[in-house]
Amino acid sequence: MEELIKELKTKVIDVLNLEGMTPEDIDDNAPIFGDQGLGLDSIDVLELLILLEKNYGIRLTSPMEGKEVFQSFAVIARYVAEHRTK
Amino acid sequence: MRVCKTITIPGNTSLTGLYAEKVGNYPKFFKMDTLSKLGFLATELLLEGEADRFISREDRAVLLFSRSGSVCDDSHFAKSMEDYPSPSLFVYTLPNIVAGEIAIRNNYRGETSAFVLEQYDKERIRHVVEEAFQDRTTRSAIVGWVDVRSDTDWTCEVSLIEK
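Chains D and W are the protein sequences, given in the same order.
Reminder that position 31 of the first sequence reads as 31 in the numbering used here, one-by-one numbering, no gaps.
Reminder that position 140 of the second sequence reads as 140 in the numbering used here, one-by-one numbering, no gaps.
If you are wondering where the hints come from, they were derived from the structure by calculation, not from laboratory data.
Hints may contain errors.
[What the hints assert, rightly or not] Example chain W residues on the side facing chain D (calculated, C-beta under 8 Å, incomplete):
{"no.": "1", "residue": "Y26"}
{"no.": "2", "residue": "P27"}
{"no.": "3", "residue": "K31"}
{"no.": "4", "residue": "S88"}
{"no.": "5", "residue": "V91"}
For every residue, glycine included, the Cβ atom is placed at its ideal position computed from N, Cα and C.
This is chain D alone, in the form it adopts within the complex (with noise of 0.2 Å):
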């Protein structure tokens, strides 16, 4: 799962240019969004559900599933390890 973590961090960093961040400088816990999170917008949102279609066949339909998947990257990895299909 920490081999997950760490790729699904180097991707987001790579995807929103989240220039001078490393994937050690992210809680795996901490929150994605708000005052205490990255700072990432409702565009950065696109980006991330084009990030996991893209890369792990994942298609989230609905705003309420993003918004549970989208917690943390400790939840986004659990959620990729259960429903990827590539």
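Fit chain W to the given chain D structure using the hints.
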């Protein structure tokens, strides 16, 4: 009208390097397209040291002009459509986004406009600026020719003009 200060950013300048040297506290910069990065950086240099910076104001307009509009980002977005259309590229496929980025950064609530001209036209630009100063609110304007032909080839000259 009085031109207070003008900033030029030559083509091929490392925008990331310039950002790191002169700004460094606005992560959204990295998400911008080249047009917005240029407008943002030129304005940062232009307003460096200005008193009461970032206090919300309505009396300053942002009036930008170009020939190429957002064609550079348009082509990046078109290329992304071969795979997955990128939302973060899509949001910059309008030439006026750069004016909005400058207004957001500086808390401006006055006029923001972006004009696409067939070519650089000093008289026409002057006319637009004069028009902007006709209202009862606008007392100064950030006025620039920011024309991005590619990610390394551009003309960027931005001035602060007072009524």
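Hint check results:
no. : hint : in the structure
1   : Y26  : violated, 11 Å
2   : P27  : holds, 7 Å
3   : K31  : holds, 5 Å
4   : S88  : holds, 5 Å
5   : V91  : holds, 6 Å
Hint compliance for this structure: hint 1 alone is broken.
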